[in-house]
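2 protein chains.
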Amino acid sequence: MENIYLERIAELRTMMQTRDWDAVILTGSDPHNSEYPPERYKQILFLTGFGGEAAGLAVTADEAILWTDTRYYIDAKQVLAGSGISLRRQAKLNSGELASWLSEQFQDAEGAQIAIDALTTSAQLEGLLREAVAGRGELIGVSDLLSPLWPDRPELPQTPLFTFDSEEGRSAKLAFLREFCRRQQCDGLLLGSLDEVAWTMDVRAFDIEYTPFVISYLLVTEKEAVWYVLKGSIEDPGSREALERLAADGVRIEDYSAALLLADDLQDGIRLYCNPQCLNAALRDALCAAGIDIVEGDSPVEARKAIRTEGEIEATRRAHLIDGIAVEKFLFKLEKALEAGQAVSERDAALWLGQLRAANEEYLSDSFETISAYGPGAALPHYVVPEENAPLLRRKGLFLCDSGGQYLCGTTDITRTVPLGECTPLEKEDYTLVMKGHIALSSAIFPEGTPGCRIDALARDALWRTRRNFGHATGHGVGFLLSVHEGPECIRPDLNPTPLQPGMVVSCEPGIYREGLHGVRHENLMLCVRDSENEFGAWLRFETLTLCHFDSSALMTELLTKEELDWLNAYNARVYATLSPYLSEEEAAWLREKTSPIIA
Amino acid sequence: MENIYLERIAELRTMMQTRDWDAVILTGSDPHNSEYPPERYKQILFLTGFGGEAAGLAVTADEAILWTDTRYYIDAKQVLAGSGISLRRQAKLNSGELASWLSEQFQDAEGAQIAIDALTTSAQLEGLLREAVAGRGELIGVSDLLSPLWPDRPELPQTPLFTFDSEEGRSAKLAFLREFCRRQQCDGLLLGSLDEVAWTMDVRAFDIEYTPFVISYLLVTEKEAVWYVLKGSIEDPGSREALERLAADGVRIEDYSAALLLADDLQDGIRLYCNPQCLNAALRDALCAAGIDIVEGDSPVEARKAIRTEGEIEATRRAHLIDGIAVEKFLFKLEKALEAGQAVSERDAALWLGQLRAANEEYLSDSFETISAYGPGAALPHYVVPEENAPLLRRKGLFLCDSGGQYLCGTTDITRTVPLGECTPLEKEDYTLVMKGHIALSSAIFPEGTPGCRIDALARDALWRTRRNFGHATGHGVGFLLSVHEGPECIRPDLNPTPLQPGMVVSCEPGIYREGLHGVRHENLMLCVRDSENEFGAWLRFETLTLCHFDSSALMTELLTKEELDWLNAYNARVYATLSPYLSEEEAAWLREKTSPIIA
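In the order they appear, the protein sequences are chains A and B.
According to the working numbering, the residues represented by the first sequence are 1 to 600, in order.
According to the working numbering, the residues represented by the second sequence are 601 to 1200, in order.
By construction, these hints were calculated from the structure, which means they are not laboratory data.
Computed from a prediction, not measured in an experiment: that's the story for all the values here.
Treat each hint with caution, since some may be false.
[Said to hold, decoys possible] As a list, the in silico BS3-like pairs of lysine-lysine whose alpha-carbon atoms are at most 30 Å apart: (1) B:1028 to A:562; (2) B:1162 to A:562; (3) A:562 to A:396; (4) B:1194 to B:1162; (5) B:1162 to A:428; (6) B:1194 to B:936; (7) B:677 to B:773; (8) A:42 to A:333; (9) A:428 to A:333.
[Claimed, not checked] Footprint (simulated), chain B over chain A, 3 or more residues, beta carbon under 8 Å: (10) 137 to 147; (11) 460 to 474; (12) 536 to 548.
Each residue gets a CB set at the ideal place from its N, CA and C atoms; glycine is no exception.
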């Protein structure tokens, strides 16, 4: 750990002493509880150097503790080594570990003063923390708590806005929200979650890296829709068309800073529906102070936008065609470069892939920072390529590449683990067992109403039988030109009751990670579709959206059943048939070779 | 439906009219919320003729509705045909369907009067129902509501008590409960659940058919333990030894009828811990009236008794040896009788099996009514053999037999589906696919902390892939000389978060049911055990307890993998090796034949 972080934590402690705070609790999120916050809100990175998402930090006079989940644990261990900051595991963001710690830490306290950043703590988390010290201390909400220690703190990004015609249309979506409010006997609804605002307004920008969000709030009442957007975005000439179209649909545009005053737009005593997970404590307090009656509940947008419309499904298929072409071209280029003895670093590989994606005219950006990891680096599920001296790829072992694109026609996310030459028996076994898990889930048929957690084990059973496992979700929802991670559905161990439904897009990405050795992950996106109906009920299955071959050279085919080989051969054949018309003759010949049927 | 039931419902409606009740709601349970109530509390059977457990009944002036779960649905449909009683599905006992109906039925009511039987409605259900009509009506709790219409209503059974030396011992169990109370800052604890009372007191009787329970309540305070038992049991000469031993351990014995006055044993204002699922509304009201402060929560007994002690595990293994011998002798006898052209009815088969179990000196009773179902009968997961003219077994197709024993050394539960001759291709396919599911779960390895709902799909995946399914749980917990169904663990679709833990005993019983054709179920009991620990964490697996061969003659071996065949051959070989020393020469030779390895 560099001295700069030790100094910053020391400065925070000085501030704590001056203000008589016994602890400061910070999250790695922003005022909208975004998974990927803008630079301004990377508070934990500023204080500790640890940049993973989904973290929490508590600092007292003599202790500093960072919580993160399994995905980032090994990484955090390295970053924090020697820093004096202790590292703890959390099951999930905001899942209560911070509150438990607080409750324990101050169990015998009297009048403890716990400072939180009111802008980046959700009303839900604030409630948990307040309860955790109830009777023994109080929470002090401070907006932009770290700013005094952070002279060059970045401003919020303010990028140009653009709209597009969604199948449903903005007016229909607003009508849906108004109908929801009526059913909830509410006078209005406030959306704080950036993906939900973007979906409702059919508007995008790139305020958040990799994710086409506009930093904003949306207030919907029976009479009007008020959109609170940053001044820079409003004033950007590139935003003009989008703003005109929004205005034409009756949307009133206000400055973002007015959001904390939005109570002025509302009458005292009205009932306002909010999701406490995406409403920050500062805004909640402002609403309460203005006499607004907050009705808390799950957002109606999340479940609705998770179900793709027919048009979105068609577009998503095109996004995967475009993406598959780019990834196949990349894999071809990589193989040829290595064959030619060229020095290719992890960073080179990531750049090439980005360039190949960007060549398509519908490309807007990558959907997250490409994970380009050779050998031991791939043992970190969320590896970040070093900016300098990135490791070189060698002509043996496994190269893991997890990447995705934001296209006008949708969002993609794909991982391929590429054998670059001779592999060890353990690499081959891991590669094959993860493939078995991937196939088991991809080919599953399951009754209507089944939540993802009930079929998560299908992707793990082959690993479990050899006492292997992985610490991340098997599958996450993926947005439509929105976040690459979105709910409410998922396929993971925790008992999320949301059923998988036709029209949902989820990833299938089992893996195995061996610290210091290698990592394997095979990831496709899948569309949940209706299969059939019979005397036993209605059946669902998945249609694989991702189009990119799986390399068979590292497979231990003797571990695969005939059904598994059939699946793999059929998938690779489909990839070749679909993509080859868009490839050069040389690339197509190479892909034909790569996808030639595996004989048991 | 016979006229007698129509008459009884008419009489109930007359009573409702006289007393100005708008509805009567009854459950199929008893004052202890038992799964299998004594005859006196089979209220739904009395009113409708439907005898399945886990039912609910609502009667209004012009409607009567019965709720039951999937297990009993086909059966209930037959029983209620033409009765005017409508049938609805419920997901699980007391899971809220009654409350939802009530809320809907009386949504615009004012001052509705809803009568419930206060003795057979749990405090939990009563709360749900009260909430469902809040502001629009009130609940009227009546104890033994049906008695005026039921002149010869059976008295409660009062059978002799016996004790046995559990490994932990009664004093240690009482100390555990007192420690629990201290941690909960309670002055005492009231157990209403019959299995929990039996476990704590190390006492048994047969007040409930098939289940060695004593109808009683147990009050544990810091100072004393008071056991409220029926007079007939106390006065039975056979109970003397048990009562002396209990008294020697400081247990005060009181008459059952005093339980409703047990508040007299407590000081006004003390805090009493109760599980509202097993506390009936009448007793709850009595406690409240006496100023007792009821603290509601899960019982500490349930989770503790689910984990077998080492001694209980050894005994359970012996119970399965004894049981396996009886079932193999039965299967031998059955096959020989049919071969000899003897007429064997479903009832004969059930009687033979009961007699063979009873031959062992540790046998106490069957653990539930044997399901002995040939052909279409087996399509009802909870088939009841007709008392007269039971169908004859034929030398073709499938015979399903689900049965179990209560032995001094434990409780068993086993289902074998027996091919009696030529089987149709569909019978064979169903038989084989259910076997695949059975093997997948039996041989599963899974991480410590995994709840049963996460591995339920392993037993269904092979069925799902051919779009087949079954509507009951894959596995339920089994008690130790207690109920054949016990929690908190289970392996079923609903998201019960209880992790499977070493020492738990669960069933593995996937099935397929085809109305009018046949049913298949393969059931063993399994002990959850530690497997190993490695870099990926701690691993658990199952040890199969049940010892009885699976017949391979109906298997479509081409549908089985090598691993599945290996599992089956190894299991059958173990059954032969373990049981053959206890069989006659002829039986052993037959079993050797039955268990000879299947070659793919």
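Given coverage of the region 536 to 548 of chain A by chain B, checked by CB-CB distance under 8 Å (3 or more): Our answer is that it holds, as 3 residues pass the Cβ test (under 8 Å) against chain B, meeting three.
Hint consistency between residue 1194 of chain B and residue 936 of chain B [alpha-carbon to alpha-carbon, up to 30 Å]: Judged against 30 Å, a Cα distance of about 13 Å means the pair holds.
Residues of the region 460 to 474 of chain A with Cβ under 8 Å from chain B, three needed, outcome: As far as the region 460 to 474 of chain A goes, the hint holds, because 6 residues have Cβ atoms under 8 Å from chain B.
30 Å limit on alpha-carbon distance, applied to hinted pair residue 428 of chain A and residue 333 of chain A: 23 Å, holds
Proposed proximity, residue 562 of chain A with residue 1162 of chain B (alpha carbon, max 30 Å): 12 Å, holds
Holds or violated: residue 562 of chain A to residue 396 of chain A, with C-alpha atoms at most 30 Å apart: Roughly 28 Å between the alpha carbons, so the hint for residue 562 of chain A and residue 396 of chain A holds.
Stated coverage of the region 137 to 147 of chain A by chain B [criterion: 3+ residues, CB within 8 Å]: violated (count 0)
Proposed proximity, residue 428 of chain A with residue 1162 of chain B (alpha carbon, max 30 Å): 22 Å, holds
Pairwise hint evaluation, residue 1162 of chain B against residue 1194 of chain B, where the allowed Cα distance is 30 Å at most: 19 Å, holds
Given hint residue 333 of chain A paired with residue 42 of chain A - CA-CA distance at most 30 Å: 36 Å, violated
Given hint residue 773 of chain B paired with residue 677 of chain B - CA-CA distance at most 30 Å: 45 Å, violated
Given hint residue 562 of chain A paired with residue 1028 of chain B - CA-CA distance at most 30 Å: Holds: residue 1028 of chain B and residue 562 of chain A sit about 22 Å apart, inside 30 Å.
The structure shown violates the earlier hints numbered 7, 8, 10.
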